[in-house]
Amino acid sequence: MTTLAFLFYYITPYIAVVVFFGGLAYRVYLWWQKRPAPAHLSLFPRPQNRLGRLADALVDMFTLKGLLRVNPLLWAGGFIMHLGLLFVLVGHIRAFTDFYFLWKLLNWGKEQQHAFSAIAGTIAGTLFTIPLFYLLARRLSGAVKWLSVPEDFFVLFLLIGIALTGFHMRLLRTVEVEELHRFFAGLASFRWQPVPESTGPAFIWHFALVQLLMVYFPFGKLSHIAGSVLSKMVARS
Amino acid sequence: MLTKFLDTVRQRITRPLQYYQDICVRCGACIDACHFYVASGNPAHIPAYRMMLVKKLLQRGGNGRKGLLSWYRETDLADERTVSELRQALWECTGCRRCSVFCPFDLDTALLVNMGRYALGQEGMGMEMVAEIGNAEVSKGEIIDALKEFYVDQIRELEGRIREEWGVPDLRIPVDEPARVLYVPVVGEHAIIPLAKIFHAAKESWSLSMFTATNHSFFVGDIEKAKQAAHWIVQEARRLGAQVIAYAECGHATRTLRNFWDHWFGDEIAGIQRVSVVQLVASYLQEGRIRVREGAFDVPMTYHDPCNLGRNAGIFEEPRMMIRAVATDFRELSPNRELNWCCGGGGGLIAEPDMFEVRMKAGRPKVEQIQRTGARWVVTTCENCKTQLADLSDRYGLGVEVRGAVDLIADALVV
Ligand code: HEM
Ligand code: SF4
Ligand code: SF4
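Note that the protein sequences, when read in sequence, are chains A and B. So the first sequence is numbered by the numbering used here: it starts at 1 and just counts up by one. So the second sequence is numbered by the numbering used here: it starts at 1 and just counts up by one.
Since the hints were made in silico from the structure, they are not lab data. Hints should not be assumed to be uniformly reliable.
[As the list claims (entries may be wrong)] Calculated pairs, DSSO-like style, for lysine-lysine (alpha carbon to alpha carbon, straight line, at most 30 Å):
{"no.": "1", "chain 1": "B", "residue 1": "K227", "chain 2": "A", "residue 2": "K104"}
{"no.": "2", "chain 1": "B", "residue 1": "K361", "chain 2": "A", "residue 2": "K34"}
{"no.": "3", "chain 1": "B", "residue 1": "K140", "chain 2": "B", "residue 2": "K56"}
{"no.": "4", "chain 1": "A", "residue 1": "K34", "chain 2": "A", "residue 2": "K110"}
{"no.": "5", "chain 1": "A", "residue 1": "K145", "chain 2": "B", "residue 2": "K227"}
[What the hints assert, rightly or not] Facing chain B, a subset of chain A residues (Cβ under 8 Å, in silico):
{"no.": "6", "residue": "Y9"}
{"no.": "7", "residue": "T12"}
{"no.": "8", "residue": "R35"}
{"no.": "9", "residue": "V177"}
{"no.": "10", "residue": "K221"}
{"no.": "11", "residue": "K232"}
Note that CB positions come from ideal geometry on N, CA and C, so glycine has one too.
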């Protein structure tokens, strides 16, 4: 194995994880360096008590109900994309461990597990990918083009790239999950295992783009994952 | 170019402003929210674009060079086009916060605009007229003793007229007297006469403030001066032992009263209730302290939610209750409440003659909204909105009459 390949499979993944979490923490730290809001920034109507406001902020964050009311099309695009992403992320838990409890509960054997994963994974991936193309198309037409900067396209292409390389492994190859599982569990436990081979070159690209995403994440607009809670709370303070 | 502007902005970026800048995903949900953009199609009027302009300028290194990855970050140098866009972005905004309701993160563009205006002022690109009125409001407190005699004379004269016209010889307009309610008007008799009648009818213990609720320093983002101007009123209220400070029908003043005073004055105003006079009058009606002729006005009328009383202070139902008490034909605008279109005259634009055409244009969505109701009267609860709506009616030939909710009650009082 070349040095470069060794670094890519066994070293940079750790760097990506550290930069991702460290970067987000640093982002929030930078926000905290600034003086707090000089006034109540409340928007009305809002729930009467504190608990109600917190609940409202969280519900709005996970359903985007405010956006649904004023822009249903954008809501559909954004909400389905995020929902698909969430499902996809949950599915990737299988790379590290497995839903042993669930399989036992359903009394499913290997065959059924794989069949289920294939169907659910494809649906989740589709929910994630199709809206990305819609979000991209919006940026090329109408007034949103005034707002779009290179970063917006970079992030969308990055996500689309991740999605398509994922689909390649899923649909065009027979990937041995056990092999992937062994590799990632090995990474997580620092007991390194051989690189998966049943996946073909798509895995290299997929893995590379995800690492790039994680490293980029805290430094651009994707930090909205951290800021959205703050912003929604302050609008109900 | 713009060095002072950028220095000031750097100093004044607060926590929310920082994360607003960082997390805006440029999704464009706010585009259709802004009446300026809807009427002009000018990108500098898109709420998120306003913020991006400032952000791009901030990314410029201290030495004025574009720096690393500038094509990626679209770092702006302060060329003429940027400066002119910046002017439009920061002055041609009414601070209505309609865009915040549309934004999936509730980002407060108006907060940025307010801060940016102050910074532009440092650069000599301010709204001079508005800033001057603001200064006068601040210095008024220093000469109030000299003004008092003259003011009281005027009020006695007004009091005499109301007694005569209304046929109520024991009506009083107390000034500088200990009272439960300190009522703070805006400039002009029209802000005093209806309340003198209503307070009389409700047998309220009240006193008329020697100051005005309006706070023009707020419009130009000069929060220090805005605080000083408001402080005279705090002192007056404490001197008179007032338990309630009631602000006249005035949008931005009510917003400062309810959303800024806690931060400005803390313990100094503990125990003093702060309300819009609209809320006070609504409570008189509800408690039966005053009575009005039901259906007194047989005219189709609608209600315009002022941005600063509605989505920015939560006063939605009180004015509607007042209107329903005296109207036979009340029609809602669509959309209304927190989604109501701004009239286009807020943010200090009314006080700046140069802004007349800008605000007439920005009022177009409002005009169409009013036309759709077929109402003859437009009732509202903000001085700014009243002036703008009347101007719009003239300009677009709407032929509507603009009235305050409090006037309606005063004119329908049963004594
Ligand atoms: C709790 C977590 C999150 C919340 C509340 C959230 C919320 C939002 C909202 C409200 C928007 C704007 C409206 C829209 O396009 O639907 C948005 C856009 C976006 N989000 Fe998230 N998001 C979250 C996590 C993520 C994550 C983890 C990613 C990516 C890895 C992501 C990627 C994006 C992208 C790329 C856009 C821009 C779409 C465009 O270009 O128009 N978000 N998000
Ligand atoms: S709606 Fe909010 S997040 Fe979207 S572009 Fe406008 S300010 Fe940015
Ligand atoms: S606060 Fe109102 S005027 Fe200003 S950008 Fe937002 S919608 Fe437009």
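Given R35 of chain A as an interface hint, is its Cβ closer than 8 Å to any Cβ of chain B? holds, 5 Å
Is it true that the CA of K145 of chain A sits at most 30 Å from the CA of K227 of chain B? Measuring from Cα to Cα gives roughly 40 Å; hence the hint is violated.
Status of the hint placing T12 of chain A at chain B (closest C-beta pair under 8 Å): violated, 21 Å
Hint check: K140 of chain B vs K56 of chain B, CA-CA at most 30 Å. Holds or violated? violated, 40 Å
Keeping to a limit of 30 Å between CA atoms, is the pair of K227 of chain B and K104 of chain A held or broken? The given pair, whose Cα atoms are some 66 Å apart, is violated under the 30 Å limit.
Would you check whether Y9 of chain A satisfies its interface hint, that is, whether its CB is within less than 8 Å of any CB in chain B? Violated - the Cβ of Y9 of chain A stays beyond 8 Å from chain B, reaching only about 29 Å at its closest.
Please verify whether K34 of chain A and K110 of chain A have alpha carbons no more than 30 Å apart. violated, 53 Å
Decide if the proposed pair is consistent with the structure: K361 of chain B and K34 of chain A, CA atoms, cutoff 30 Å inclusive. Status violated; Cα separation ~38 Å.
Restraint: V177 of chain A near chain B, CB-CB cut 8 Å. Satisfied or not? Since chain B brings no Cβ nearer than about 34 Å to V177 of chain A, farther than 8 Å, the hint is violated.
Quick check on K232 of chain A please, does its C-beta sit within 8 Å of some C-beta on chain B? holds, 6 Å
Closest C-beta approach of K221 of chain A to chain B relative to 8 Å, hint status: holds, 5 Å
Against the hints set out earlier in the document, violations occur for numbers 1, 2, 3, 4, 5, 6, 7, 9.
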